[in-house]
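Residue numbers (our numbering), protein chains in the order written: chain L, 1 to 181; chain H, 182 to 487; chain U, 488 to 813.
Be aware that one or more of the hints could be misleading.
[To be verified] Listed next, the in silico DSS-like pairs over lysine-lysine satisfying Cα-Cα at most 25 Å (straight line):
#1 Lys697(U) with Lys64(L)
#2 Lys361(H) with Lys810(U)
#3 Lys364(H) with Lys697(U)
#4 Lys373(H) with Lys361(H)
#5 Lys810(U) with Lys89(L)
These are calculated hints, taken from the structure and not from any lab test.
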Amino acid sequence: MNDPSAASPGQLPTIPPLVAIAMRPLPLLPLQFALGGVLQRIHRRNPAMFDRLGDHARARFGIKPIDLPFAFVVEARPPRLSVVRELPKDLDARISASLANLLALLEGRVDGDALMFSRELVVEGDVEAVLALRNAIDDAQLDLATEVSSLFGPLGAPARRALEAARGRMIGSSGQGESSR
Amino acid sequence: MQLSLGPVLYNWAPERWRDFYFRIADEAPVDVVSVGEIVCSKRSPFFADHIPAVVERLQSAGKEVLLGSLILVSLRRERRQTEELASAEGALVEVNDLTCLRTLAGRAHAIGPFVNIYNEASAAFHDAHGARRICLPPELPLASIAAIAKAVPDVVTEVFAFGRVPLAISARCYHARLHKLAKDNCRFVCEKDPDGLLLNTLEQQDFLTVNGVQTLSHSCANLLGEAGLLRESNVRSLRLSPQDCDMVEIARIFRDVLDGREDFDGGNRRLAAAYPGVPFSNGFLWAEPGHLYRQARSGDAQGSAA
Amino acid sequence: MMELICPAGTPAALKSAIDAGADAIYCGFADETNARNFPGLNFSRDEMRKSIALAHGRGARVLVAINTFPRASAVDIWHRAVDDAVSAGADALILADIGLMDYTARRHPNQRLHVSVQAAAANPDAIAFYAENFGARRVVLPRVLSVPEIAEITRESACETEVFVFGGLCVMAEGRCSLSSYATGKSPNMQGVCSPPSHVTYEQTADGTKSSLGGFTINRFAMSEPAGYPTLCKGRFSTAQGAGYIFEDPVSLDATTLLRGLRDAGVTALKIEGRQRGRAYVESVVRHFRHALAALESGSEADIASLKPFTEGQASTLGAYRKNWR
Numbered sequence: 001m002n003d004p005s006a007a008s009p010g011q012l013p014t015i016p017p018l019v020a021i022a023m024r025p026l027p028l029l030p031l032q033f034a035l036g037g038v039l040q041r042i043h044r045r046n047p048a049m050f051d052r053l054g055d056h057a058r059a060r061f062g063i064k065p066i067d068l069p070f071a072f073v074v075e076a077r078p079p080r081l082s083v084v085r086e087l088p089k090d091l092d093a094r095i096s097a098s099l100a101n102l103l104a105l106l107e108g109r110v111d112g113d114a115l116m117f118s119r120e121l122v123v124e125g126d127v128e129a130v131l132a133l134r135n136a137i138d139d140a141q142l143d144l145a146t147e148v149s150s151l152f153g154p155l156g157a158p159a160r161r162a163l164e165a166a167r168g169r170m171i172g173s174s175g176q177g178e179s180s181r
Numbered sequence: 182m183q184l185s186l187g188p189v190l191y192n193w194a195p196e197r198w199r200d201f202y203f204r205i206a207d208e209a210p211v212d213v214v215s216v217g218e219i220v221c222s223k224r225s226p227f228f229a230d231h232i233p234a235v236v237e238r239l240q241s242a243g244k245e246v247l248l249g250s251l252i253l254v255s256l257r258r259e260r261r262q263t264e265e266l267a268s269a270e271g272a273l274v275e276v277n278d279l280t281c282l283r284t285l286a287g288r289a290h291a292i293g294p295f296v297n298i299y300n301e302a303s304a305a306f307h308d309a310h311g312a313r314r315i316c317l318p319p320e321l322p323l324a325s326i327a328a329i330a331k332a333v334p335d336v337v338t339e340v341f342a343f344g345r346v347p348l349a350i351s352a353r354c355y356h357a358r359l360h361k362l363a364k365d366n367c368r369f370v371c372e373k374d375p376d377g378l379l380l381n382t383l384e385q386q387d388f389l390t391v392n393g394v395q396t397l398s399h400s401c402a403n404l405l406g407e408a409g410l411l412r413e414s415n416v417r418s419l420r421l422s423p424q425d426c427d428m429v430e431i432a433r434i435f436r437d438v439l440d441g442r443e444d445f446d447g448g449n450r451r452l453a454a455a456y457p458g459v460p461f462s463n464g465f466l467w468a469e470p471g472h473l474y475r476q477a478r479s480g481d482a483q484g485s486a487a
Numbered sequence: 488m489m490e491l492i493c494p495a496g497t498p499a500a501l502k503s504a505i506d507a508g509a510d511a512i513y514c515g516f517a518d519e520t521n522a523r524n525f526p527g528l529n530f531s532r533d534e535m536r537k538s539i540a541l542a543h544g545r546g547a548r549v550l551v552a553i554n555t556f557p558r559a560s561a562v563d564i565w566h567r568a569v570d571d572a573v574s575a576g577a578d579a580l581i582l583a584d585i586g587l588m589d590y591t592a593r594r595h596p597n598q599r600l601h602v603s604v605q606a607a608a609a610n611p612d613a614i615a616f617y618a619e620n621f622g623a624r625r626v627v628l629p630r631v632l633s634v635p636e637i638a639e640i641t642r643e644s645a646c647e648t649e650v651f652v653f654g655g656l657c658v659m660a661e662g663r664c665s666l667s668s669y670a671t672g673k674s675p676n677m678q679g680v681c682s683p684p685s686h687v688t689y690e691q692t693a694d695g696t697k698s699s700l701g702g703f704t705i706n707r708f709a710m711s712e713p714a715g716y717p718t719l720c721k722g723r724f725s726t727a728q729g730a731g732y733i734f735e736d737p738v739s740l741d742a743t744t745l746l747r748g749l750r751d752a753g754v755t756a757l758k759i760e761g762r763q764r765g766r767a768y769v770e771s772v773v774r775h776f777r778h779a780l781a782a783l784e785s786g787s788e789a790d791i792a793s794l795k796p797f798t799e800g801q802a803s804t805l806g807a808y809r810k811n812w813r
């Protein structure tokens with residue numbers, strides 16, 4: 001039954017190290033401002049998602065894209081996001097994976113358990129909080145291209161097309177089932 | 182409060198098994214004894230020859246005898262065996278799987294700790310269908326035990342009070358797997374471990390006990406300290422599950438503490454001496470992880486009545 | 488054709504399952520009444536009503552799992568779950584507890600009742616007990632049976648049978664296992680959780696990852712070694728006879744190659760495990776089995792994707808269906 005020809009899931013591209021190094025001196029504040037806006041918008045549009053988090057809505061999550069020179073600290077209630085070079089120590093949970101896998105998880109395009117099985121996703125700290133977050137996000141059916149393009153105001157439509165194209169290159173048009181063919 | 186002796190769960194040599202029960206009949210202060218191979222149907226033939234003599238000796242000594250049914254029944258041979266047992270006369274069947282209930286068809290029977298009775302509604306159903314005794318599942322907390330015992334006052338409610346705790350049953354044999362044998366050709370390797378095979382974590386923490394298709398705790402349930410509380414909760418029988426130790430002494434200790442001839446601390450010291458090297462546990466009773474052991478408060482052992 | 492019964496932990500997953508070709512979806516309320524009581528998972532009363540309406544509109548059925556064993560003195564919570572599932576229009580209730588079946592059969596005599604795998608009805612006599620006492624119409628068979636044993640059951644039994652074809656695999660007889668509560672105080676039967684995430688820790692060490700449950704080490708995985716769930720029955724332990732996976736390796740069930748045998752054995756429905764999994768899993772696994780069933784029907788070779796990425800330890804097994812350990 002173990003088909004050696006089957007690719008493992010989430011074999012999504014990682015950011016090349018040189019690009020990551022080039023990104024290192026970038027100022028984090030504009031990014032934090034932009035992503036904070038996206039989070040606020042998601043919060044407004046998906047109240048049920050935050051209900052699903054239950055008691056874990058107050059948890060502080062550290063999210064570390066392993067191929068980027070910075071990380072995120074995210075809180076759900078109230079919605080807060082900060083971009084940091086190093087994750088602080090006092091987090092409730094830490095989640096690390098490649099940026100592409102993290103984005104695919106956000107959109108529910110990959111299965112979190114499968115990424116754990118293949119060791120592409122690492123979870124530390126309060127596992128229950130992470131699971132609640134994962135389940136809440138999975139039910140929300142987020143579309144990042146739509147959420148992010150809303151930041152661009154009148155330029156939303158072209159921005160959205162550009163984002164969808166970028167997403168297609170990065171995480172493919174669909175999830176693990178296709179990538180495992 | 183009655184004391185009952187559960188069936189031997191391990192694969193003991195047949196003569197040893199027979200002699201164990203002969204001594205229980207002659208010396209142990211227990212009221213009820215459940216006999217029969219309930220873990221593995223492959224072991225049954227070894228004990229079958231001795232069962233009549235054992236039952237007779239126990240009954241002559243004034244003990245009530247229960248015939249235990251197999252925990253997991255899937256093969257045709259196991260179904261037949263279970264059906265034969267359920268139609269037996271002269272002793273109550275102790276039902277360990279619902280398979281028996283159809284053949285029993287409402288006749289009086291006992292229910293063992295392997296049938297899922299978690300609430301008063303299930304207990305009432307079994308009461309209405311002929312259950313005279315119910316030994317509750319070992320993972321039940323005291324609050325549930327009390328609610329169930331109160332709901333079925335005509336049934337003798339029993340609690341698993343001493344012995345390694347049965348935690349799981351499987352179609353697959355882990356003794357055979359460990360010895361790289363197929364189950365059908367297992368060479369009865371489980372007989373090498375008359376008290377089960379210790380299973381450690383990778384950090385060498387003692388954890389579980391492997392007994393063929395069954396998995397038990399490494400720790401030994403010990404509710405001696407809660408006997409008084411259980412009595413106040415309408416529990417009418419404590420089950421002692423045979424381990425590879427002096428079970429006559431174990432029964433005497435429980436009897437002595439229950440009857441006020443020995444205090445709890447003295448009884449507990451005697452238990453530890455009779456079954457050395459195995460930690461006690463009572464976490465399930467307190468709705469905590471089952472492996473934990475919470476020391477009884479003084480008075481819990483004999484209760485306010487004693 | 489055999490029915491395809493698919494898991495949903497959220498309303499979104501239920502939609503994915505319908506899109507991917509599910510005949511029926513099973514799901515539960517967001518509380519201790521169902522055996523996948525994980526944080527952020529399952530359905531509110533309102534979500535259940537809407538999801539059942541949506542499924543019915545698209546020709547799919549919804550089976551509501553109320554398959555834990557009600558807590559003594561709190562049986563009302565389970566009774567309410569049954570009443571609410573019936574009034575939401577559930578096509579069947581999946582139950583494990585005798586007391587709850589008794590209640591349901593009396594209070595809602597026309598409600599279709601399925602025997603949960605948690606009831607561990609492993610032979611025709613046990614199944615007949617549920618059919619005769621509570622009018623159970625279908626039994627979900629425990630994962631301890633071989634295909635010939637299943638065939639024997641369907642021959643002798645008036646009850647329909649449903650069997651698992653993919654996903655997490657209990658090594659022990661279901662509904663009769665207290666390993667989780669021994670380590671954590673929480674059990675599948677009572678709280679609806681096995682190896683609850685609140686008691687799981689992952690520790691990153693120089694050699695890889697160590698998983699523990701309730702303070703007991705369950706496994707150590709080297710850096711690139713595939714991993715599984717931190718469940719006790721698939722942990723690595725040591726004994727005087729040797730160390731390793733004493734009970735079972737981290738693997739998932741995949742019975743894709745046995746569909747013909749299961750059909751010939753008289754099985755009514757095929758069930759996919761995984762209410763705790765995401766939409767991506769539901770979508771891919773359901774589509775896979777929809778294709779495999781279509782191929783079986785037309786007698787053609789199935790050209791379908793491997794499900795290996797979704798399996799624990801990136802490995803699959805035929806489990807008890809083919810008992811090579813017997």
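Handout entry: Straight-line alpha-carbon gap Lys810(U) to Lys89(L), limit 25 Å
Key = violated (49 Å)
Exercise for the section: Please work out if Lys373(H) and Lys361(H) have their alpha carbons no farther apart than 25 Å. Expected result: Roughly 15 Å separates the two Cα atoms, so the pair holds.
Handout entry: Hinted pair Lys364(H) and Lys697(U), Cα distance within 25 Å
Key = violated (32 Å)
Problem - Straight-line alpha-carbon gap Lys361(H) to Lys810(U), limit 25 Å - result: With Cα atoms ~15 Å apart, Lys361(H) and Lys810(U) stay inside 25 Å; holds.
Problem - Given pair status - Lys64(L), Lys697(U), alpha carbons within 25 Å - result: holds (20 Å)
Hint compliance for this structure: hints 3 and 5 are not met, and every other hint is.
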